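> Quick note, the sequences are listed as chains A and B, same order. Residue 297 is where the first sequence ends in UniProt numbering, and the numbering goes up by one at each step. Residue 297 is where the second sequence ends in UniProt numbering, and the numbering goes up by one at each step.
Misleading hints may appear alongside valid ones.
Copies of the same chain look alike in the list, so a pair counts if it fits in one copy or across any two.
The calculated lysine-lysine pairs, modelled on DSBU-like cross-linking and capped at a C-alpha distance of 35 Å, are [said to hold, decoys possible]:
hint : residue 1 : residue 2
1    : Lys64     : Lys4
2    : Lys4      : Lys177
3    : Lys260    : Lys64
4    : Lys131    : Lys64
5    : Lys176    : Lys102
6    : Lys102    : Lys177
7    : Lys260    : Lys131
8    : Lys102    : Lys247
9    : Lys131    : Lys102
10   : Lys247    : Lys131
11   : Lys4      : Lys260
12   : Lys260    : Lys176
By construction, these hints were calculated from the structure, which means they are not laboratory data. Computed from a prediction, not measured in an experiment: that's the story for all the values here.
The chain contents come next:
There are 2 protein chains.
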Amino acid sequence: MTFKEDLGRRAALVEAYLVGCLRDRNIPARLLASMEYSLLAGGKRLRPVLVLAWNGLLGGDADKAMPFAASMECIHTYSLIHDDLPAMDDDDLRRGRPSNHKQFDEATAILAGDGLLTEAFVLMTETCLVKGLPAERVLRAIAVLARAAGSGGMVGGQAVDMELTGRTGVPLDELKKMHAMKTGALLTAACECGAILAGAAESDVDNARRFGRKIGVAFQIVDDVLDVVGDTATLGKPVGSDEAMGKTTYPSLLGLDRSKTLAREYVDEALTNLSGYFGCEQEFLWQLARYIVDRVY
Amino acid sequence: MTFKEDLGRRAALVEAYLVGCLRDRNIPARLLASMEYSLLAGGKRLRPVLVLAWNGLLGGDADKAMPFAASMECIHTYSLIHDDLPAMDDDDLRRGRPSNHKQFDEATAILAGDGLLTEAFVLMTETCLVKGLPAERVLRAIAVLARAAGSGGMVGGQAVDMELTGRTGVPLDELKKMHAMKTGALLTAACECGAILAGAAESDVDNARRFGRKIGVAFQIVDDVLDVVGDTATLGKPVGSDEAMGKTTYPSLLGLDRSKTLAREYVDEALTNLSGYFGCEQEFLWQLARYIVDRVY
């Protein structure tokens, strides 16, 4: 099995769970349609896959951790719906289709986002209440994820992103800090929560967190690079939108070559946290980290 | 101490906790200002007070349950911010002040709501991780609250409310169901979670849930009545806004007198769930239930 096949297989397992996870919850029909429109719009399912890979690497059971993994995709999806709103990035297109508020309407999109964020926490509790993982572990993982997704993490990062948009002379460390909050926090939490749910030792949880931090930065740099050199069909959104919106990016500060080198350096640092582990999950995480940066080479 | 003094004393305890609960979380300054603008805008703090009263009635410690109680106010506040948005109810005024998106801007208001909802879950975990309540209890309470606040509860109720607005001939049972989701679910969860966090027996948890359901309906009927007979200064919002927006209400379906009688009947049913308990928390809950409906007499 090639790495891409392995990634596809793992994403398909997450997909299968996501398809049913909002049913039997008494959700009004149009709201459910709007939530599923965005949740089931494809995507690499990177965050759930990271939860399950770190969980598996440290001895966890994928079936038991699955609701928690799925919750990360709910949170990621809600953030995309709200980011696309007219008052925010005002994007009409997401993953090659009309964004949620274009397909439905603004009120429904706001509520679909609110609903996905809240259902994510229902899913997290199910790793204990349905799947039987110890309440202490699940509660700790919820705390980690809530902080990462909240106003000191992802939501705060989006607020800072809005403030920086259109501003010139944004220094590199401000850009880094914004991205660490906006995209890095959730990727980091995915790795960390996977380890916590496996009942791993603190040193393993530390490795997971550090790995997540480094690939989080690499991921964002590559995202910025692809916005310059990618094509609309692959990205599912217009190329050059960062520049059009007046966003400071790694390429705009460092140039393309230096950005690509920096992404590779972060991936190399991430990989140091995988030494000392063995087996197919270690191999997968190694290749996943390389894959993030290889997309721009 | 009169009932109103008791209510004020309890609200003040919640207030004191809310003032500091978002600090030390690395929240960007403008976002924090926006979150606190709405969170600390006054209000009766009814949901936290209900958590603490049921918790106390069943032997719980108010200090330990406080973060969970505060989380309910974060969720209530986020729902008000999002409901006021131009794409939703488009309200410029809330509690006698400019609504969040008028005071700040739409993007900030959306993010402040997202942030308050997410921080609520951080607070919930703190009842275990900081205050030491058993993880099993806290996890169960989180599951109850997340379902109540989510797309099958409060968020779903707002979606149905938007669908029903402007429609004529809405039957009473559809109105009841919508309100049971939109406002009833959270009030019910407040009582139920208070009991769960106290480690109460299942029969006590059932009583708390039933009490919450009944006062939830009464509360909404009274809210509708006050929108007709109240005054702007007391309400902090324009009188008659329901009718102006084309909303079906209890008075519009049943008339004022029948609505007031119905509210009183629901309160009387709620009170049956307090028989068999004794002491100052029982007395307080009794008077609180009466107070809800007495506001229109």
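> With reference to the structure, classify each hint as holding or not holding.
Status of each hint after checking the structure:
For the identical chains of this complex, Lys64 and Lys4 are intra-copy neighbours only, at 24 Å inside a copy versus 49 Å across copies, given an alpha-carbon limit of 35 Å. In this assembly of identical chains, Lys4 and Lys177 lie within 35 Å of each other by CA distance solely inside one copy; the values are 31 Å within and 48 Å between copies. Taking the shortest alpha-carbon separations for Lys260 and Lys64, neither the intra-copy value of 37 Å nor the inter-copy value of 50 Å comes in at or below 35 Å. Both within a single protomer and between protomers do Lys131 and Lys64 lie at most 35 Å apart by alpha-carbon distance, with minima of 5 Å and 28 Å respectively.
In this assembly of identical chains, Lys176 and Lys102 lie within 35 Å of each other by CA distance both inside one copy and across copies; the values are 31 Å within and 31 Å between. With identical chains, the CA atoms of Lys102 and Lys177 are at most 35 Å apart both within one copy (31 Å) and between copies (29 Å). In this assembly of identical chains, the alpha carbons of Lys260 and Lys131 never lie at most 35 Å apart, being 42 Å within a copy and 46 Å across copies at closest. In this homomeric assembly, Lys102 and Lys247 come within 35 Å of each other (Cα to Cα) both inside a single copy, at 23 Å, and across copies, at 25 Å.
Taking identical chains as interchangeable, the C-alpha atoms of Lys131 and Lys102 are never at most 35 Å apart, the minima being 37 Å within one chain and 45 Å between chains. Proximity of Lys247 and Lys131 under a CA criterion of 35 Å is satisfied in neither setting, with 43 Å inside one chain copy and 43 Å between copies. In the homo-oligomer, the alpha carbons of Lys4 and Lys260 lie at most 35 Å apart inside one protomer (22 Å), although the nearest pairing across protomers, at 65 Å, exceeds that limit. Within a single copy, Lys260 and Lys176 get their C-alpha atoms as close as 15 Å, which meets the 35 Å cut-off; across copies the closest is 58 Å, which misses it.
Comparing the model with each earlier hint shows violations of hints 3, 7, 9, 10; every other hint is respected.
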